[in-house]
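> Below, each chain spelled out in residue letters.
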Amino acid sequence: MSRPETRQLNVPGTDQGIAAALDALAESFAVHGLSKAVTWPVEVALDEVLANVVRHGLEGREGGSVEIELTLDTGVEPPFCRVVVADDGPEFDPLSVAEPDTTLGVEDRPVGGLGIALVRRLMDEVAYERRDGRNRLSFGRRLVAVEA
Amino acid sequence: MQIGEDKVGEALVIAPAGRVDSVSSAELERVVVARLDGGERRLVLDLSGVEYISSAGLRVLLMAAKRLKAPPAALVLCGLGPSVRTVLELAGFLPLFTVEAGREQALARVGGPAA
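Protein chains in written order, with the working numbering: chain A, 9 to 156; chain B, 247 to 361.
Think of the hints as simulated: they come from the structure by calculation, not from any bench. Please read these numbers as outputs of a predicted model, since none were measured by experiment. Wrong hints could be hidden among the right ones.
Claimed, not checked - The following label-pair restraints were derived from C-beta to C-beta distances:
1. D252/B x T22/A: 31 to 39 angstroms
2. D31/A x P318/B: 36 to 44 angstroms
3. A153/A x D283/B: 33 to 41 angstroms
4. D109/A x A319/B: 22 to 30 angstroms
Ideal Cβ positions, reconstructed from N, Cα and C, are used throughout, including at glycine.
When you get a sec, could you build the whole thing from the sequences and use the hints?
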């Protein structure tokens, strides 16, 4: 019987750390034979969340690190993936940020806030909590193709 | 990410391949800015090799659109796979861009004398 499999990662709060985490996630999916056609939304979401944490939360702080917990349940159909990203930066709930206006023209289009809006729209579930002095953002999705 | 470039007549095709994420998009931005600064005005972005694009990559597309807004300058996107198209759609970006299916159609659309 296959059971949910959890993998813990600790990466530095840097571009290299983001790249390493994305590589690890892609590798976990590949090991289970899951195709990019169903895994890419989780990969995009992880990139968005890590970019927020690294660029805004840790703000170039030396020695900042990010803990990532990947849970993959291939025993259900469709498979389910949940990722938890935890950092010890200042308390910040990215879900409290207002959604950007995605109807404006080229000149007026805001560039901030778009990443978290994509996470909300691509994931089945997103949750934030502040626990033990850490920000924890959890997001998950059933691994099926996105219906536009 | 790898970035292919192909000059066809007056048009320049830039074709990133792999994932356009918050780290690699800086590389794409460098190439696009360098070519626009170098005087390229008819740009095709062929995204057929892109695994997925996140908001950092969308920022690069938006920057190129702003700089190529005034005709005869032109920007045409092509080769959008399901992941790229979905992200552009969810971000409300599709109405902001001229999109063609393949590179040939994009080159015809971007204008300038044929090669």
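> Next step is simple, just say for each hint if it's right about the structure.
Status of the hints after comparison with the structure:
For D252/B and T22/A, the hinted distance range of 31 to 39 angstroms is satisfied, since their beta carbons lie about 33 angstroms from each other. A hinted range of 36 to 44 angstroms for the beta carbons of D31/A and P318/B is consistent with their spacing of about 42 angstroms. For A153/A paired with D283/B, a C-beta distance near 39 angstroms keeps the hint of 33 to 41 angstroms intact. For D109/A and A319/B, the Cβ-Cβ distance of about 26 angstroms falls inside the hinted range of 22 to 30 angstroms, so the restraint holds.
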